[in-house]
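K.L.:
Given the structure of chain G, go ahead and fit chain H with the ligand onto it with the hints provided.
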Amino acid sequence: MKKLVAYITTGYPSLDFTVDMILSLKEVGVDTIELGIPFSDPVADGPIIEKANLKALQSGFKIQNLFDISKEIAPQIDTLWMGYFNPFYHIGLDKFISEAKKSKVNGFIIPDLPFEEAQPYKSIIENEGLNLIDFIAPTDSRERIKKIVSSSNKFIYLVAYAGITGAKHSEDLMPIIKSIKEFTNTPVYVGFGVNQATAKEKAKGVDGVIVGSAFIKILLDERLTNSQKIDKISSIAKEIKEKINE
Amino acid sequence: MKDYKDIYIPKATPHDPDSNGHFGIFGGRFVPETLMPILEQLRVDYEKVRFDREFWSEVDYYYKNFVGRPSPLYYAQNISKELNAKIYLKREDLNHTGAHKINHTVAQAILAKRLGKKRVIAETGAGQHGVATATVAALFGLECEIFMGAKDVARQELNVFRMKLLGAKVHSVESGSKTLKDAMNDAIRHWVTNARDTYYIIGTVAGPHPYPMMIRDIQSIIGWEAKSQLKSIEGVLPDKVIACIGGGSNALGIFNHFLEDDSVECIGVEAGGLGLDSKHGCSLAKGSPGILHGQLSYLLQDEDGQILEAHSISAGLDYPGIGPEHAYLKDKNIVTYDYITDEQALDAFVWLSQKEGIIPAFESSHAIAYLKKMRREDIEGKVILINLSGRGDKDMIQAKDILTDVTIKQK
Ligand SMILES: Cc1ncc(COP(=O)(O)O)c(C=O)c1O
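Chain order of the listed sequences is G and H.
Here my numbering is used: the first residue of the first sequence is 77, the next is one more, and so on.
Here my numbering is used: the first residue of the second sequence is 314, the next is one more, and so on.
Excised from the complex, chain G in its bound form (with noise of 0.2 Å):
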């Protein structure tokens, strides 16, 4: 069976409506939550995911809503921190991994923090029994792809084209796939532009697929009331788990 990871962006349009999305996400099969920490500047980002972390901000979001409701996320689904790096540096990774530890979130996801840079904090995160998790991407050549996966866990976050969050590109990542699977045993998921549209496409050769802006896109829809975007989404997510796995 191939994996759905589901992208969320804390906070928006208020901390309870992410805790009701995820539970809802749960029951539809969605197997794991990439629970999204707003930042200012959000470069890896296309306008959709950026709008929602701006706005999140906006309503007056702070890390520790993040600590905080991951308690109740958390031991329910198995979940992700996903950010950018500067909040964890500046607030300490110590204090995101012992608060990590005490929800039970499993491990952090960091776009802005690639293989060479995380070498000093990848085993402190490891040895506190977290994952970070390694990303590749199609400009990848082979033996930065093996020296990247030799040390992977959980799941490599396989970036489906060059370019931001939520575009509308594609690229033939069947070489890359093979590169991956040739050094590594770790699941593939692929990201970036995954939607009910693109997922059957895109599950190809991979283990799972991780998806984003085809939900934040909703979440940020004004003429929608709260418990229909939790409707909409979850049936989106539910559509893309079945047609991952036809």
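Hints are computed from structural coordinates only; laboratory data are not their basis.
Do not take every clue at face value.
[What the hints assert, rightly or not] DSS-like mimics (lysine-lysine), calculated; alpha carbons at most 25 Å apart, straight line:
id, chain 1, residue 1, chain 2, residue 2
1, G, K171, H, K599
2, H, K431, H, K361
3, G, K293, H, K491
4, G, K138, H, K599
5, H, K430, H, K482
6, G, K280, G, K305
7, G, K244, H, K431
8, G, K138, H, K592
[What the hints assert, rightly or not] Restraint ranges, calculated between C-beta atoms of paired labels, are given here:
id, chain 1, residue 1, chain 2, residue 2, range
9, G, Q304, H, E487, 54 to 60 Å
10, G, K254, H, E367, 37 to 43 Å
11, H, D644, G, E318, 53 to 59 Å
12, H, K361, G, S311, 50 to 56 Å
13, G, E318, H, K361, 50 to 56 Å
14, H, E487, G, R299, 51 to 57 Å
15, G, S217, H, M709, 32 to 38 Å
16, H, N333, G, I167, 20 to 26 Å
17, G, E277, H, E367, 47 to 53 Å
18, G, S246, H, D575, 54 to 60 Å
All C-beta atoms, glycine included, are put in the ideal place defined by N, C-alpha and C.
P.N.:
Structure of chain H with the ligand alone, referenced to chain G:
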């Protein structure tokens, strides 16, 4: 055989970063994985030309014939008399396009062309870097797109028009604080998407490795020239070298060749804005180490590590971060850092205009203003070198709105 003696070629310094771009704990490459192979390739490509005479002689041709280098070192006779010191201005304002930014855009465009890139992109604050990039793109036949915060588009409308006239496409960036920080975010997003055929000409000594080192190497021609110019006029080293700091390129450019001279004090002047208890751009004075735009350096940030908006009257200093080498030089106590407020900068803007007949850029006015902030004993009888990083033409519309006839007639 060409004579290379008078050609500027960078040299390795004791402060060079390691191969991952770390200046002590600062610098590095904090970027999405997609960009890592691109940056690694650029590092290798730059290492190939870094000390290569042929590359730098091509750059030199354009410096001499297109930019108008060497820029003069001018003895500012009237303010020298007033302050009882010898004040020398390194006239980067006389460069083609009006600031030091053209130095590195010429060299980077030549590199980009060698690497077979067809397009260049850049972020810009004051618009000087955007204009300098659009200029070299026109010269070398490269497509050009410039990212500029919407707020800066409004306050630097002349430069926006210049960029368009030069054939560049200007994106007005509406996200975040709508200034330089956000322009750089959008430039990075565009670059991640188009990295394979697009060269990103970063405008200062910031960003992921190798940019901070590469742009410092290139801009160091300023201090290299000034040092020998001053030597032939006065026969001495300066006592102090002063420059304003946005990201820090004109400052490192003039400091670099003096960092190993113990008798020389280099002073970097940050934008004090409305004062340190209010809005400002003093990332060294008031910030703390953090990660933004691919580098670890001092940053203005809140307790959660969210980046704060900077403020300065000058768009080119309106940035919440600073190049990582400055962060390192500060912590090592190798360079002195201080600040100048909007008001002090404006006073200096008028002062230099009326005393010397030189209208400085708002950015450079911060460096000039520092002359009046120094204690008397630190300045009297001293030889002081100031980087006049740019001319004030671009600031005329903004200055006209702020300065009344009364404030202008201050003398
Ligand atoms: C004239 C001038 N001086 C200084 C700066 C600040 O940049 P840096 O600190 O990199 O020299 C700018 C930036 O636009 C500028 O236009």
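K.L.:
Which hint numbers doesn't this structure obey?
P.N.:
Violated: hints 6, 9, 14, 15.
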